[in-house]
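Novice: The residues making up each chain are set out below.
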Amino acid sequence: MPEGAVELGYDGPVIGPEQDFSSVSATLSDLVLERPTPRWWYVGAGISAAGLVLFVIACVWTFVGGVGVWGVNIPVAWGFALANYVWWIGIASGGTFISSLFYLIGSDWRNGVNRTAETMTLCAAAAAGMMPILHLGRQGLFYWLFPYSTVMGVWPQFLSPLLWDFFALLCYILNSIVFWYIGLVPDCATLRDRATKRWQQIFYGILALGWRGSGRDWHGYKATYLVMAGIMAPMVVSVHSIVGLDFAAGLIGGWHSTQWPPYFFIGALYSGWAVVLALMIPLRRFYSLERIVTERHLDVIAKLMLATGLMLAYCYLLEAMEPFYTGDPTKVAAYMGSAFGHYGATFWARNTLNIFIPQLLWLPLVRRNKIALELISIGIVAGMWIERYNFVVSALAQDYMPSKWGWFGATFWDWAILIGSAGMAMFGFFAFIRLLPVVSMFEIREIIHKRRGSDASKGGRS
Amino acid sequence: MTKFYGLIGEFRTSGEAAAVARELREAGFARWDVYGPAPLEDIEHATPTRRGIVITAIMVAAAIVGACWGYFLQYWGAVIDFPINVGGRPLNGWPGFVPSAWEICALFTVYFGFFAFLASCRLPRLHQPIFAAPHFERATQDRFFVCVEAADARYDAARLREIFARHDAVATSEVPA
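These protein sequence lines are chains A and B, in that order. The numbering of the first sequence is the working numbering, which starts it at 1 and goes up by one. The numbering of the second sequence is the working numbering, which starts it at 1001 and goes up by one.
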């Protein structure tokens, strides 16, 4: 903390009052341009890289040996890969939603975390994008999903939610890249102009595309960004709702219900907030960003997480109500099977991690304890994976015919894909925090300008 | 042929730069712009441009075209090119075509918006003439600049220097061409 600076606190402003244009530009650029790579970075990136290598090996082994190397079989023909897919795409959704929705409603705390959230989205979406390809079975034919008829003159079945999923995921990943990059262009220009090493000037110069910061350019920029945010927010809702419809359109007892789109989407936001929080707490500490990503940010996201957790609790209650309300014996059996059957432990683990423990966030004492907050967030991220796993596997294991019931057991390669994909996503994130500004500099300047008026840039070096 | 790209003034605050912009605008200058490190309202109000509305219109048009194209793609495949009768269900099952059409609509909106934005700024252009101005690297950090191009019909260095000075310019200099 700089000398003489006031305490910010949890009810304080979203930015240290002593911050001005110069200090923000210097603090955030120097993390990337000047500061030598810290030791914790090597440790984190090294572990992530090991995970990435494991992921590559597991993918190659799956391509060579087929999906039979996993524990999937009939009746549980979908296992980890589907649960991983839903989980990763959910995490991705949360990041885009923070960035776009809270931009539209003009929340000033959003500007401190949106870059991290968007980057986390990209890394998670990349991991999510691998899963459908892996569990296609015949991965080499994935291009049959594309809507063109040169393959035997046939078109894909456009009425299938699985194809909606293809469009949703593909368009979402492509849009997320642009949404993330357009936010980076002015910041890359700052890095280009502050860089002292030749390679940095070239690297950031190319990424900045020649951005000048002209008033007319900014005008077009804001209009573009506003419309993009306006389309990204509903798009995220649609992407995860379509994932829910994949299940709703299935005829399996535990899946065949119209409640999944909101159920899945709320869970997606929940895991997204949790990952943002789990990443921001160590990041702001290790990079000494306490004056820019303040305790107020953590408090806001913690409250948001609590509220979303309550919505998810409502979804869980609705999930319990529906089978008994309809009285359909298949649904009742599927629900009872998921809660008290072979997979009952995962059902109660998800309730504990997602619903019971996060109730501690009601207490300011817990919300303001960063270690507790970090642990609760990690618990939610794990709990959301367990929820997806329970949902996918228990419904398939106990289908209509008891004689057909069977259990799923994960193999080493299932775990390798799960852990490896986490390694891949984290490696992407570590690369980002070393190469690009972790907080959007120009958006922070906007907040400073709003708080201090037009003399915001005064007080720096002259 | 002009020897200089233009005359540039450097300012400490966005308010000063915006005041200069207002004065230039009232005096009828055409080829000038304000440069700063963030999209700030006072500068926005002082800078005349219709880019925002043009880009928004392009994005809305792209959304409509994308939605129609996305729907048509599915209609063509499922109804015209390879119709399959599945238990007498309608070939044009429009509710089932809506989700994919919407995703393609969003894709078109974002990409057309991005490229329209780049075109409006004449980017990518890695080196801009204005980068030759002294201290201009601070335009992306903490300073504001107003530059009037020498190609402007009303360009008059002495008068501009007077305007910049009156608004507390930190420095005024000529930008080499």
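No lab work stands behind these hints, which were simulated from the structure alone. It should be emphasised that the depicted structure is a prediction, and the values quoted were computed from it without experimental measurement. A virtual CB, placed ideally from N, CA and C, is assigned to each residue, including glycine. Among these hints, one or two may not hold up.
Claimed, not checked - Listed next, the stretches of chain A that the computed footprint assigns to chain B, with coverage defined by at least 3 CB atoms under 8 Å from CB atoms of chain B:
#, segment
1, 12-24
2, 55-66
3, 185-191
4, 235-242
5, 336-349
Claimed, not checked - Pulled from the structure, derived: some chain B residues nowhere near chain A, Cβ distances all over 12 Å:
#, residue
6, K1003
7, R1012
8, E1023
9, E1026
10, G1028
11, A1078
12, G1096
13, A1106
14, A1119
15, A1151
16, D1152
17, Y1155
18, D1156
19, A1165
20, E1174
Novice: Mind checking, does the segment 55-66 of chain A have 3 or more residues with a CB under 8 Å from chain B?
Specialist: violated (count 0)
Novice: With d taken as the least Cβ-Cβ distance between B/G1028 and chain A, does d exceed 12 Å?
Specialist: Holds, since 17 Å exceeds 12 Å.
Novice: Mind taking a look at whether chain B covers the segment 336-349 of chain A? Criterion is 3 or more residues with CB to CB distance under 8 Å.
Specialist: It is violated, with 0 qualifying residues against the three required.
Novice: Please count how many residues of the segment 235-242 of chain A have a CB within 8 Å of a CB from chain B and say whether that reaches 3.
Specialist: holds (count 4)
Novice: Report holds if the minimum CB distance from B/D1156 to chain A is greater than 12 Å, and violated otherwise.
Specialist: Check passes; 22 Å lies beyond 12 Å.
Novice: A cut-off of 12 Å on Cβ-Cβ distance, and B/E1023 was said to be off the interface with chain A. Does that hold?
Specialist: holds, 14 Å
Novice: Taking the shortest Cβ-to-Cβ distance between B/E1174 and chain A, state whether it exceeds 12 Å.
Specialist: holds, 18 Å
Novice: Is the Cβ of B/K1003 farther than 12 Å from every Cβ of chain A?
Specialist: holds, 22 Å
Novice: Against chain A, does B/Y1155 keep a CB gap of more than 12 Å to every residue?
Specialist: holds, 18 Å
Novice: Is it correct that the beta-carbon of B/A1078 has no partner in chain A closer than or equal to 12 Å?
Specialist: The claim breaks: B/A1078 does not keep its Cβ more than 12 Å from every Cβ of chain A (closest is about 5 Å).
Novice: Are all beta-carbon distances from B/A1119 to chain A longer than 12 Å?
Specialist: violated, 9 Å
Novice: Is the claim that B/A1106 lies outside the interface with chain A correct, judged by CB distances over 12 Å?
Specialist: violated, 4 Å
Of the numbered hints stated above, those contradicted by the structure are hints 2, 5, 7, 11, 12, 13, 14, listed in ascending order.
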